[in-house]
Amino acid sequence: MSPPAGLARNILPLLRDAEHVRNMQLADWDDTIRLVRQARLLGTVAHRLRDQEGPWTALPTRVRGHLQAAINYSAYRVQLLRMEMRALDQALPGDLPVALLKGAAYLALDLPLARGRMPNDVDLLVRRTNIEAAEAALGSGGWKMEAKDPYDDRYYREWSHELPPMRYPGHALEVDLHHTIAPVTSRTRADDDLLFEGLQSLPGSRFLVLDPCDQIIHAAIHLFQDSDLHGQLRGLVDIDGLVRHHLSNDAQAWSRLVERAERHRADRVLWYALHYCRSWLGTPVPEGLALAPPPRWARRGMDWVFSRTCPPRIPDVAPSLGERLADTLGQLRYHRLRMPPALLARHFLHKTWVAVRTRAIAGARSAD
Amino acid sequence: MPPSRLRYRRIHDGGILFDERTWNTHVLNPAAAAIYEALLEHSQGKPVPSSETFELVLDELGLNPDTREIRELLPVLKRLGVVL
Amino acid sequence: MPAAITRVRDLSFPELLRQIAATRLNVDYGAATLRVGSSIPAFVRVFHLVYGGFHARPTDAEFAEYHIQLKKGRGIRSVLRRQSRFLIDGVEPFEPFAAEGALPLFEWGVNWCFGQRANQYVLLHAGALALDDRAVIMAAPPGSGKGTLAAALMLRGSRLLSDEFGVLRPETGDLIPMLKPVALKNQSVEVIRSFSEDAVIGPLFTGTRKGDVAHLAPNDASVDAVHRPAQPKLVLFPTYESGARLDARRLPGEEAFARLAFNSFNYHLLGPVGFEAIARVIESCPAYHIRYSQFDEAIEWVQSRLEEGDAEA
Chain E
0 MSPPAGLARN ILPLLRDAEH VRNMQLADWD DTIRLVRQAR LLGTVAHRLR
50 DQEGPWTALP TRVRGHLQAA INYSAYRVQL LRMEMRALDQ ALPGDLPVAL
100 LKGAAYLALD LPLARGRMPN DVDLLVRRTN IEAAEAALGS GGWKMEAKDP
150 YDDRYYREWS HELPPMRYPG HALEVDLHHT IAPVTSRTRA DDDLLFEGLQ
200 SLPGSRFLVL DPCDQIIHAA IHLFQDSDLH GQLRGLVDID GLVRHHLSND
250 AQAWSRLVER AERHRADRVL WYALHYCRSW LGTPVPEGLA LAPPPRWARR
300 GMDWVFSRTC PPRIPDVAPS LGERLADTLG QLRYHRLRMP PALLARHFLH
350 KTWVAVRTRA IAGARSAD
Chain Y
0 MPPSRLRYRR IHDGGILFDE RTWNTHVLNP AAAAIYEALL EHSQGKPVPS
50 SETFELVLDE LGLNPDTREI RELLPVLKRL GVVL
Chain C
0 MPAAITRVRD LSFPELLRQI AATRLNVDYG AATLRVGSSI PAFVRVFHLV
50 YGGFHARPTD AEFAEYHIQL KKGRGIRSVL RRQSRFLIDG VEPFEPFAAE
100 GALPLFEWGV NWCFGQRANQ YVLLHAGALA LDDRAVIMAA PPGSGKGTLA
150 AALMLRGSRL LSDEFGVLRP ETGDLIPMLK PVALKNQSVE VIRSFSEDAV
200 IGPLFTGTRK GDVAHLAPND ASVDAVHRPA QPKLVLFPTY ESGARLDARR
250 LPGEEAFARL AFNSFNYHLL GPVGFEAIAR VIESCPAYHI RYSQFDEAIE
300 WVQSRLEEGD AEA
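Protein chains in written order, with numbering that gives the first Met the number 0: chain E, 0 to 367; chain Y, 0 to 83; chain C, 0 to 312.
Chain E with its partners taken away, still in its complex shape (with noise of 0.2 Å):
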């Protein structure tokens, strides 16, 4: 399937070739800034042009300023996130393995998708057996955990793969301790004693990062399993960065990377991941892999929706019928993927019940 138009015009071509720019005016880059503002590329795209020079002085000046803008923020999250880990590696015990994943491992091994990125929040990965630790070991540090009420607090525990977020009282990024890399409850479920067995040391740092097909495989799950697949294009183009790192044209590798994703049941969703990648970012995925398309009436089912709720958005410009229904889909597939019907239910239920109860308080005190 042919990518979006909106997304085809500038923003593709811009992520595939720096080179672009000469393509484009002054007006074109009114819509282009937004939209890739909106996507939460402006800092990764900015690093992107300017490590070419030519690209980067073909721009017009007031376009550059604003990409300047973006790298020189993304320079102050970075440096929010190394100080962070470093309080983070002071406060958990030394003897206890934790994986860095996400932003924080690309940045950690410097991988060229990391550039440009503004980290709100460090994702750790630990043994389930050591969340306990973990969280106390935080705690005592000075961590606070942000859960709003005990049954976000338990739903977090015990039916999710991550912990309620936390945070030390004055910084600016949260901790979400993981102790798997899919949803506890949903279809895909992470072969976890692969997925800890394939852990590999960073130089100079008591962290480790997962294994890069694993790297990739999360990617995947992250944006097709554990998100409601609203503007999610950079979820995409971490994908592609990640395969053009850790994957040449070897094909023992690739078919490393198929039966790692069998193993993690997540072999339909890298199916996707690669399947988008390739046709919107011109990925090179080789052809024939061994990996089962999903069945034609959900990839087009997915076309549909995805095509629709994944480029960004003007924002001033409300959202089409076709957009609105997409973004449902998306949410109800999401919930549905989280959790067993009967827990969904309940769910729903406390969280309006919460909503309705906040709402009327609300006015209340606004009534004086």
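Hint data in this document are derived by calculation from the structure and do not stem from the laboratory. All residues carry an ideal CB built from backbone N, CA and C; glycine is no exception. Treat the hints loosely; a few may be bogus.
[Claimed, not checked] One-sided and incomplete, this derived list gives chain C residues near chain Y with beta-carbon spacing under 7 Å:
{"no.": "1", "residue": "PHE194"}
{"no.": "2", "residue": "PRO251"}
{"no.": "3", "residue": "GLY252"}
{"no.": "4", "residue": "PHE256"}
{"no.": "5", "residue": "ALA257"}
{"no.": "6", "residue": "GLY270"}
{"no.": "7", "residue": "ILE281"}
Position chains Y and C relative to chain E; hints supplied.
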């Protein structure tokens, strides 16, 4: 603990220090700036090995180590890794 | 010789209303341009006056830094008490203001956006003015009268770059304009009104967070120079004190650095970039604290320092 990476600029008679590790900025009055520069010169950029050396430098500069300012300066220099 | 300029005040009120209602008016502050949409006639009326000198330009083939909507309030509450709301890229960062406060809300909102996003610059919390291209940076805490002094300097012939943001370019070390109507508070309004008959002042808004506020329109000379950079030559920390004789005191460099850096909008997030940029300013500009009660005295002091090119290191 590894020494901080410090950027130093002399501004007229005073000095300013930027710590690249923490992104903190320190402002040095002329006395503190003189001490800092003398320490740098004395140790050729390596951390000064002890408080005694610090006091030696003060002595060379003719500064009284017992003022509040100087006493407040030493812990800062230690935190920055300039003095061990 | 450039073609004749159309300024905002050259447009008829209905034409201006039409353009703003269709979100087709761009405002060029220098360091940023804005596209604004609004259907609040009271806002447009005040805009017509305090933005009168700004160049009116069609939006078609252009790029705007910020896309702002100023909307009427919605819901039950807005029927009882008319409101105006500020939106940037669809996000509403503040509570609505009363409808009459649309212009202060707009000004405050634009300052907020700029302060948040313009991190390609070092944003000093300071006024900036220039004679030719020699600039004075006037930094002082809010409420100390720097806005009034900036207004007075402009009315006596310096071009105004900004009363709020000293926009410093790290790559070049120069300042660029972020020229907006000058917010005058409480007694300053009358002071400036009687200071010069050239002063174009908008209506008084009472009961805002900062007391009574009125806006002085930037003069045409300042507007026409929004794209002209200026070299910092003087750093000034002015304090108004009723009845005081003019008193100027040179500040130690590191103290001037601290005051500029630690009061800036974004020094904390620029790290080494901000450090180097502000160090450069202080190295090349003497810094003074002045106490004054007579504007003309203070202005003369500033202008003669700028003209003589005090190169004391």
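Hint status (Cβ of C:GLY252 to nearest Cβ of chain Y, threshold 7 Å): holds (3 Å)
Against chain Y, with CB atoms and a cut of 7 Å, does the hint on C:ALA257 hold up? For C:ALA257, the interface hint holds, since the closest Cβ of chain Y sits about 5 Å away, which is under 7 Å.
With a cut-off of 7 Å on the beta carbons, see whether C:ILE281 makes it to chain Y. Nearest chain Y Cβ about 5 Å off; hint holds.
Mind checking the CB of C:PHE256 against every CB in chain Y and telling me if the closest is under 7 Å? holds (5 Å)
Quick check on C:PRO251 please, does its C-beta sit within 7 Å of some C-beta on chain Y? Holds. Min distance 6 Å.
Under 7 Å, Cβ to Cβ, is where C:PHE194 needs to be relative to chain Y, so tell me if that hint holds or is violated. violated (35 Å)
Take the shortest C-beta to C-beta distance between C:GLY270 and chain Y; is it under 7 Å? holds (5 Å)
Hint compliance for this structure: hint 1 alone is broken.
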